[in-house]
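**Student:** Just so you know, the sequences run in chain order B and E. Note that the numbering used here numbers the first sequence so that position 8 is 8, with each residue one more than the last. Note that the numbering used here numbers the second sequence so that position 203 is 1203, with each residue one more than the last.
All clues stand as given, with none of them false.
Per label pair, the in silico range of CB-to-CB distance:
1. E:Val1115 - B:Leu10: 19 to 27 Å
2. B:Met71 - E:Ala1146: 37 to 45 Å
3. B:Ile84 - E:Phe1138: 23 to 31 Å
4. B:Arg64 - E:His1066: 41 to 49 Å
5. B:Arg60 - E:Val1119: 26 to 34 Å
6. B:Gly27 - E:Phe1157: 24 to 32 Å
With the Cβ distance kept under 8 Å, some of the chain B side facing chain E (calculated, not the full set):
7. Phe15
8. Leu18
9. Thr22
10. Thr25
11. Thr29
12. Val70
13. Thr72
If you're looking for bench data, these hints aren't it; they were derived computationally from the structure. C-beta: ideal position from N, C-alpha, C; glycine also.
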Amino acid sequence: MSAHIAPRSLYFTIFGALMVLTGVTVGITYVDLGAASLPAAMVIAVFKATLVVLFFMHVRWSGRLVQVTVMTSLVFLGILFFHILSDYLTRGWLGVAGR
Amino acid sequence: MPNGHADTAHHPALQHHFDNLEQQQDAATFGMWVFLVTEVLFFGGMFMAYTLYRYWYPDGWVAASHHLNVLLGAFNTAVLIGSSLTMALAVRAGQLGERRGQVLFLVLTILLGAVFLGVKVVEYADKFEHHLVPGPNFLFDDARYARPAQIFFSVYFAMTGMHALHMIIGLGLLTWLLLNAIKGRFTREWNTPVEVVGLYWHFVDIIWIFLFPLLYLVGHH
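Chain E on its own, in the form it takes in the complex (with noise of 0.2 Å):
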């Protein structure tokens, strides 16, 4: 049987309860991909939650979404494929052991997904500057839909808010993979973390591609 300690040439990255560096990054992919699924859950809540008050408030809804800016949300989504297939090209060089092509590609999924986040901020601050934010200020246009598109807008908060803190950790775990990318800790044999990381940030990009079109683009024809 082989093992960490029988073998005392092993990669320093082997961990000694695991054969061999296959079988501890099939461990590891697996155990992303059962976060993963309790992750579809815990969106799935609050599209749930969507889904009811769409089908309770159709109008009001139609209402509400007019207020959020299309072109803004179009662009955050290219972006965040952007990154995606930037992040799908560092794991790539991860595997092919390229240094440079992996912190090149780290750099620009880092900034992409800063960009997303820049626009994200500025959408809010518009929010609150026009007293879209639910609470004690929020004021409406049409007196009718005021109170479903309170309830829209804090579903908005909620799941944009949400998506936007899975940005935000995913941001420092890319960070901490470029830390290590830069001193040469990922190899050809041995890129696990880069692997791991890019299923949580593909996972990310998944959230926003059901929410543009479900918060941005209701009823405009």
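For reference, chain B alone in the conformation it holds in the complex (with noise of 0.2 Å):
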């Protein structure tokens, strides 16, 4: 396949909106959201990385191959995260002794 070259606008757009992201992120910090402050700056955060993966690393042009390599990082990182998770987050479930 042949790189598919995109409009200038188009990089400056995404700059644009990662720009007023951080804006949103910074500025949902000084908002009281109590246990939502956390979901809502990482949301936004995964967004962020979202346009960069798919405009300024070309993935939403890229090939079969290279889309499912980057939904593998993602497979990875949740099999990492869910299994220590499941163990410390529910050590203090049963109250047994040594645990």
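Starting from the two chains in their separate frames, assemble the complex, guided by the hints.
**Tutor:** Listed below in structure tokens is the structure:
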């Protein structure tokens, strides 16, 4: 496949969106969102990362092989977090001695 | 079957085990992505440690995070996003075979990367001055949180330090790209190194996109 050449304006639009989202991330830190503040910050960060991956890193126009490879990283990260957290976050549940 | 040897007039950058430049670029891009997957897991381990300690010491995390300068962190985030823009434009200039544009955008990317590291030096110096570097000289104003705060700063230095190391390696690669771009080595047909280093540079940007809110923006309301 020949490389897709995105218009310059698209890159500037993505840059603008990333800057605005950075401002929003800082902004919500000074608002009391309670327990929702960390998830909110992470949702914004994931969205920003997705913009970078899709457009700056050309994954939107990449072949299937690259797209699947990118998704693989999320699968491995999910395994890492799921199995470690399923241990640590549940240790207090049963009250067993020596937990 | 076309191959590098049969075609005597092939591109000088084409290696003999590839059919053509397109296939060579696809292989290189794929290789960089596989490396980046391992990098996601490398940083993932540190994000995992961060998650557990924050879960165990939520109050200590807030207290320690307040000692980071949000303004400098936000400024550096903007600088790094800007450098990703100039990197993307350098890759685009390469795709179009615009040598002058490519040199300009590579120089801008290097400058923005250097600004980021410069700000990081200022921040690290400040932490040394205020005894916030983990170790025998660590001092925390709120004794209740001295232990978790030391853990926070261990995580802070480990993650931002590894990130900064990636930036330094990236600046080395960018300098090498710049020298080759000035010599006119990259053409419309072949700019694979620019493309591949670009992927690496954007990845380092993504790591910072997560580090900034997780380290600097913990409970300021």
